[in-house]
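Trainee: Protein sequence lines correspond, in order, to chains A and B.
Be aware that the first sequence starts at 1, since it is given in our numbering, and climbs by one per residue.
Be aware that the second sequence starts at 341, since it is given in our numbering, and climbs by one per residue.
Source of the hints: derived by calculation from the structure; they are not laboratory data.
Among the hints, a few may not be true.
Said to hold, decoys possible - Below are the DSSO-like pairs computed for lysine-lysine, each with C-alpha atoms no more than 27 Å apart in a straight line:
| hint | chain 1 | residue 1 | chain 2 | residue 2 |
| --- | --- | --- | --- | --- |
| 1 | A | 151 | B | 862 |
| 2 | B | 557 | A | 36 |
| 3 | A | 99 | B | 763 |
| 4 | B | 863 | B | 795 |
| 5 | B | 557 | B | 448 |
| 6 | B | 657 | A | 24 |
| 7 | B | 763 | B | 828 |
| 8 | A | 24 | B | 874 |
| 9 | B | 763 | A | 200 |
| 10 | B | 439 | A | 339 |
| 11 | A | 24 | A | 34 |
| 12 | B | 729 | B | 874 |
| 13 | A | 292 | B | 506 |
| 14 | A | 339 | B | 359 |
| 15 | A | 24 | B | 603 |
| 16 | B | 763 | A | 143 |
| 17 | A | 36 | A | 200 |
| 18 | B | 763 | A | 142 |
| 19 | A | 143 | B | 862 |
| 20 | B | 763 | A | 34 |
| 21 | A | 143 | A | 34 |
| 22 | A | 151 | B | 763 |
| 23 | A | 151 | A | 248 |
| 24 | A | 99 | A | 285 |
| 25 | B | 603 | B | 592 |
To be verified - Derived Cβ-Cβ restraints for the label pairs, each shown as a range:
| hint | chain 1 | residue 1 | chain 2 | residue 2 | range |
| --- | --- | --- | --- | --- | --- |
| 26 | A | 130 | B | 457 | 47 to 55 Å |
| 27 | A | 99 | B | 532 | 47 to 55 Å |
| 28 | A | 151 | B | 832 | 52 to 60 Å |
| 29 | A | 298 | B | 553 | 30 to 38 Å |
Stated by the list, open to error - Covered by chain A, according to a simulated footprint, are these stretches of chain B (three or more residues, beta-carbon under 8 Å):
| hint | stretch |
| --- | --- |
| 30 | 370 to 376 |
| 31 | 404 to 414 |
| 32 | 494 to 506 |
| 33 | 536 to 548 |
| 34 | 612 to 620 |
| 35 | 677 to 688 |
| 36 | 807 to 821 |
Keep in mind that this is a model prediction, so the values were computed, not measured.
A virtual CB, placed ideally from N, CA and C, is assigned to each residue, including glycine.
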Amino acid sequence: MPDKNVLIIGGGVAGLTAAIELAKLDCHVVLIEKEKSLGGHAGQFTCKATDECAKCGACIVEEKIDMALSHANITIYNQARLAAISRKDRFAVTFFTEKDAEQSYDADAVIVATGFQAFDPVDKPFGYKRFEDVITNLDLEKKLRHEIEVKRPSDGITPEKIAFIQCVGSRDSSVNHLWCSRVCCGSALRMANLINTRNKNTEISFFYIDVQTFGKDFQFYYDRIRDRIRMIRAIPGDVFRTPDGQLKLEYYLPSEGKQIEELFDMIVLSVGIIPVGTADGMMEKFGLEQPKTGFPDEEFMRPVAGLFAAGTSKGPKTITEAVADAGRVALDVVHYLQKQ
Amino acid sequence: MTGRVCIAGDGPCAVNTAKELLIHGIDTVLVSRRKIAQSELPDNMSREGGAGISVYGNAEISGCSGCVNDFRITIHQNGAGAITENVTGIVIAEEYQRKDNFETYGLKPSHAVTSLSEMVRVMENKSDQVAFPPKGSGILFLTGCFQESNPVVLYDVMNCALQLRKEYHQDVFILTGNLKVAGEGLEALYRQTRTAGVFYIKVNQVLPEIEQSDEGKVTVSCQDEILHTAMRLSPDLVVVDETLLPSEYLMKLAKVFELNQDKAGFLQSDNVHRNPVFTNRRGVLVVGPSRGILERREILNDVGNVTIAMMNQIRGKIDSASVGKARIGVVECARCLTCFRICPYKAIRLEDRVTVYEDACEGCGICIAECPREYITWTGPGMADELEKIQISGIADPADRFSPVMVAFCCQRSAGRSVRTAKDRSPELPEGLKIVEVPCAGGISTDHILRTFQKGADGIILLTCHPGNCHSEVGNQYAKSRADHVGKRLSAMGFEKERLQVDTIAANMDREFVRVINSFQKKLMEIGPSLIRKSLKH
Ligand code: SF4
Ligand code: SF4
Ligand code: SF4
Ligand code: SF4
């Protein structure tokens, strides 16, 4: 595909993978990323290996960044914003670069790889933003990347009891999120196991509705670690703070048939994957309305020839799934370009 | 070069792969264990300037020799003898095997107990007079209670339940452990079934008691965990879920092609460093149901990835961590076959003499480090050149203190990457640190380690991938066992074996890299300078 230009919006693992695959097939790729660094959410995740790799896929992001940066057919703009986009035979694109310089680019195809947004749990009764020691799974990913032993944010003490609350903002009709975010059970269980391996005295309670086990060997991993985690099938009610700085959680314990109050040092909310919205108003520019499920999938993009979506912008995916999806999309783009 | 790819498989996944490859100008040979009907194949099987899709029905692959770009496949077709085909690549696209879980639930099939596949079939062929009992005690699905299920099975369960409810007005119960709603659209489907009146009972801690009478009728006593109510059901019909397994033939193909398997037996290990459709052998790819339990969309993605990979392969564009490859000396080889046994990529060829398939060699260096006669060398730049670059003798300690010279051998795919980010982010890496990046830690030989000590290093640290995270599968284990071995030799020579350390690290853990290096430095400070370095100074 020489002499074809592709614009990729988003430098997360899907955008990077699509860029690499297209570049290998001789396309010229311009990738714009709104943040300072590449890698998206997954680029900030921690390794969860204990005595063995936990197959979370986070380390793959570094490989993709390396490959994209070193490929001659890929030009990357960090801290770039899309300014305008329109389509006649090709796409006329303008974007602002880091130094607010305006740049224009003619693209034969555009891939939206804007990733996901994390559900903001501030309106849930779990005390997020009110209590420092209530954090999200994404906060914990970043924390664990830097700290060997996890510390409580408020006072830097090693927590003895941590509660994970699953499905926050996923599978939740009250916010009209009628999907499972697919990755949070795996990510939380892996981090729980990592914390417990590094410090046996930290007890982990896992509040869940259903455990989702994903990936090739994850079932075996789960079987191996589940005894070390207190699995409680309940979604707790409100979180309060006790005068001495602990967090009080109320939940209904089905096996005892009664309401329980329990104290924890730290609470981790597994927040849902939700759509980023309309990628800088781009969808509206093409007259596309909000997609039904919230995630702009292939079906949704179809009316605009040459417009594609890759990765978690289309719905929740693990890191490896996002890579596989982006590879597929790269092929679809090549196929489209061949027909041009 | 034009591509000609052999596809093993007899279902939609194999046919779709053939179609997609055809679109992109790659010829295929489809080897199917059953006879594929013309209606299942694409209308147009040919392409301009090529052979298109050819099909062997009622056939099995029984052998494979050669390597990427030049495989020779032996096919056994019913009635005919063995046929040999030359192909450039191989795609394994077998479907799952579905095994009913009657035994898991202690049931036997009867008029009141049936399998999920049977129910799916009934729902698909509505013309088959379906005679469900008049509204009675209902239909019960058993899924994921004694063993975990998956989204593929759950989709079938919920889909059938919804139809039974809506079209046949049956009372439908689903007794389940963890409901695997993580599949695309499944949470929405779950809500739809509930609105339609399908009743869910969730168990996990207390498992249900299931009994079957001599006439085959089933009674279930259980405790719903969410509602905390005891229940007793005597359904008219019980539908039992299934396990998706790799077929026996798939297991056989794993042997024929010498492929790694995951814990459930599906092809290719759970190796995050490889694209999901790649295996340990170059040119042998695996898609969809042959590599794990995947949903429809994921299978489609795989087919796309296989196509891209084959296009790249034909254009000679294969990613490789190493520029160098292994080469075996012509005369000296003792034919001990160590290299043949251990090459994780099956790139050693055994004919009248032992040679390396250059196209298949990933340049991990494991064979080079393990050959007892040291008869395997690198083509292109190798480790020896990297070692030459390490300059230690000229390094002087600061006047007031000892500053150890450390050499870190880093696997390019893991520690090597973390070093690069560490350098960007934490300039405070120790001054005496020398980094040597290697394609795979398994390629660091005893000789490399000893020579580096001879050059005057105060300490050597081998940084490998975590177990289970090695692109070469076992490179990290080789590094570890070699270090143990060298450590013993060092001790015997009166040299502190603590100067040699092995650690595991992932590509994204730059902070951990800094931490590991700093603690190694501290340890070396305690031990003091190496005798060799001291003697070199004088
Ligand atoms: S896959 Fe995850 S757990 Fe395994 S080495 Fe990479 S980052 Fe660590
Ligand atoms: S993956 Fe687990 S935590 Fe996440 S939404 Fe699904 S069930 Fe809830
Ligand atoms: S390991 Fe060395 S000596 Fe043994 S067969 Fe291979 S090349 Fe020959
Ligand atoms: S260098 Fe590695 S891939 Fe190449 S032949 Fe030796 S062991 Fe096999």
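Trainee: When the hints from earlier in the document are held up against this structure, which numbers fail?
Mentor: When the structure is compared with the hints, numbers 2, 7, 8, 9, 10, 15, 17, 28, 29, 30, 31, 32 and 35 turn out to be violated.
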